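When you get a sec, could you build the whole thing from the sequences and use the hints?
Per the working numbering, the very first residue in the sequence shown carries number 1; after that it's consecutive.
A couple of the hints might just be wrong.
Straight-line C-alpha distance at most 30 Å; calculated BS3-like pairs for lysine-lysine [said to hold, decoys possible]:
| no. | residue 1 | residue 2 |
| --- | --- | --- |
| 1 | Lys185 | Lys222 |
| 2 | Lys28 | Lys109 |
| 3 | Lys222 | Lys102 |
The set of hints was computed from the structure by calculation and includes no laboratory data.
This structure is a prediction, so every number in the text was calculated from the model and none was measured.
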Amino acid sequence: MSEGDTASDGRAVSGAPDDEHLLAEFEKVAQGLGRMFPGICEVVLHDLRDPDHAIRFIENNLSGRQVGESATELGLARIRDPHYPGVIQNYAGRFPDGRPAKSTSIGIKNEAGQYIAALCLNLDISTLSPMTLTLSNLVATDPENRDAPLETLRDRSRRELREVIETAAAERSTTPRALPREAKKDLVRRLYEDGYFDTRNAAQTIADLIGISRASVYSYTK
Numbered sequence: 001m002s003e004g005d006t007a008s009d010g011r012a013v014s015g016a017p018d019d020e021h022l023l024a025e026f027e028k029v030a031q032g033l034g035r036m037f038p039g040i041c042e043v044v045l046h047d048l049r050d051p052d053h054a055i056r057f058i059e060n061n062l063s064g065r066q067v068g069e070s071a072t073e074l075g076l077a078r079i080r081d082p083h084y085p086g087v088i089q090n091y092a093g094r095f096p097d098g099r100p101a102k103s104t105s106i107g108i109k110n111e112a113g114q115y116i117a118a119l120c121l122n123l124d125i126s127t128l129s130p131m132t133l134t135l136s137n138l139v140a141t142d143p144e145n146r147d148a149p150l151e152t153l154r155d156r157s158r159r160e161l162r163e164v165i166e167t168a169a170a171e172r173s174t175t176p177r178a179l180p181r182e183a184k185k186d187l188v189r190r191l192y193e194d195g196y197f198d199t200r201n202a203a204q205t206i207a208d209l210i211g212i213s214r215a216s217v218y219s220y221t222k
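Written out as structure tokens, the structure is:
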């Protein structure tokens, strides 16, 4: 059997020059990814041409495995089936000491369409879980007040006041200045309750828009 041939099970024979070059390039990818996430993400390059000694390169070692150890169950599945999915993403795993992991496995095919390697990322989520809980608690709101915000944290501009007032008038098929007196009272009271009076000169702006005096605006809030 010459260099670059395939075994009886369809697996590429170790030593094909093009395959070797491809794996050598992926070693650099594995190294870069591992060093991007030090302490939390293990990156392993498996050589599926030699399943008994599949681990070719490991960066940021969190599992305690060594170069030369055998392929995982997922790697063996890829060797058996050339149609196995190229990417298995975000599946649950576990390190030997029990720590939970979030893993992704990327199959690498050669030019002939055979799986010759797999690049695997194993994220240690045990260090992130406490942080997730802390952030969840930090952004949580009181369940009793979730249905409606108690306040809107933004300025109430003249333009926004105009839009609210014109919309209220349009709902009555009229203009702001043509609103009946009681309707103007209700509108001013609603604007007051919704916080529009917190803006500088809000009372005068409302008065101009609905055609009443500034004193009347304040009296309508009571």
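Status of the hints after comparison with the structure:
1. Restraint check for Lys185 and Lys222: the C-alpha separation of about 9 Å stays at or below 30 Å, so the hint holds.
2. Restraint check for Lys28 and Lys109: the C-alpha separation of about 17 Å stays at or below 30 Å, so the hint holds.
3. Taken as a hint, the Lys222 and Lys102 pair is broken in the structure, with Cα atoms around 59 Å apart against an allowance of 30 Å.
When the structure is compared with the earlier hints, a violation turns up for hint 3 alone.
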